[in-house]
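**Q** Sequence:
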Amino acid sequence: MEVVALVGPAGSGKSHRAQIVAHQNECELIVDDGLLIDTEGRIRAGTSAKREENKMAAVRRAIFLDEDHRAEVRSVLWSLKPKRVLVLGTSDEMVERICDALDLPHPDRTIRIEEIATPAQIRLAQRKRYHEGKHVIPAPTFEVKKTFSGYMVDPLRFFFKRDHGLGPVTVEKSVVRPTFSSLGRFFIADTVIAAIATRAAEMVPGIGRVGRVVVESRREGVLVDMEVLLR
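Residues in the sequence shown are numbered consecutively from 1, following the working numbering.
Just so you know, these hints were derived from the structure itself, not from any lab.
Please note: incorrect hints may appear among the correct ones.
[As the list claims (entries may be wrong)] Restraint ranges, calculated between C-beta atoms of paired labels, are given here:
#1 M203 to R60: 42 to 50 Å
#2 R127 to V192: 30 to 38 Å
#3 N25 to R123: 21 to 29 Å
#4 E26 to G208: 54 to 62 Å
#5 K55 to G208: 20 to 28 Å
#6 R123 to D68: 33 to 41 Å
#7 I196 to E115: 41 to 49 Å
Fair warning: this is a prediction, and the values are worked out from it, not measured in the lab.
Using N, Cα and C, we set each Cβ at its ideal position, and we do this for glycine too.
Produce the complete structure using the sequences and hints provided.
**A** This is the structure:
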């Protein structure tokens, strides 16, 4: 198994370009911020560092310090038997720590973000990160929402042409604003969710009245328990 590393400062656009780099270097899997993602954008294993409560916890998640998290990703990765894996990191040392945690060999090749992005593109990516609190996950929105229920997730899709006359590839990604975003946290009160759910239920044909509504906020999303009176 071979490893290709994509290295660059935080917020420089590594995740934004991860799928393109993976396709161009014939990598079958991507290790990025605690997740194991295939080149079709499916999240195969892991927990995103972008779900953590603070930056320190996010770093620990990204380098697989949690034993259960590490074991899960390592098991799935090796069961898939990829020929080549793309590992993202902010430094050579970080990439090597990730490789050691997942029992991967150290990189055969290292690509610097400066090799594939212009200074203007890197500055734009960093402005999105530090002024707007936006982070990219190299997976489609429907995949990301499975583990980011309750978060603001925006889709991002584009096409790129492959070398050697091969057909174009569609790349789908997601933009999220993590809990530890520099813009702070926001909350939607349970009463607001209950009111929205009640209104939505009242618009359904056959429902005469909505009774008790209980909203339970969980890490994986929101559970709404509703009693209705049918007509």
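**Q** Work down the list of hints and note, for each, if the structure agrees.
**A** Okay, the hints, checked on the actual structure:
{"no.": "1", "hint": "M203 to R60: 42 to 50 Å", "in the structure": "45 Å, holds"}
{"no.": "2", "hint": "R127 to V192: 30 to 38 Å", "in the structure": "32 Å, holds"}
{"no.": "3", "hint": "N25 to R123: 21 to 29 Å", "in the structure": "25 Å, holds"}
{"no.": "4", "hint": "E26 to G208: 54 to 62 Å", "in the structure": "59 Å, holds"}
{"no.": "5", "hint": "K55 to G208: 20 to 28 Å", "in the structure": "50 Å, violated"}
{"no.": "6", "hint": "R123 to D68: 33 to 41 Å", "in the structure": "38 Å, holds"}
{"no.": "7", "hint": "I196 to E115: 41 to 49 Å", "in the structure": "47 Å, holds"}
Consistency with the previously given hints fails for number 5 only.
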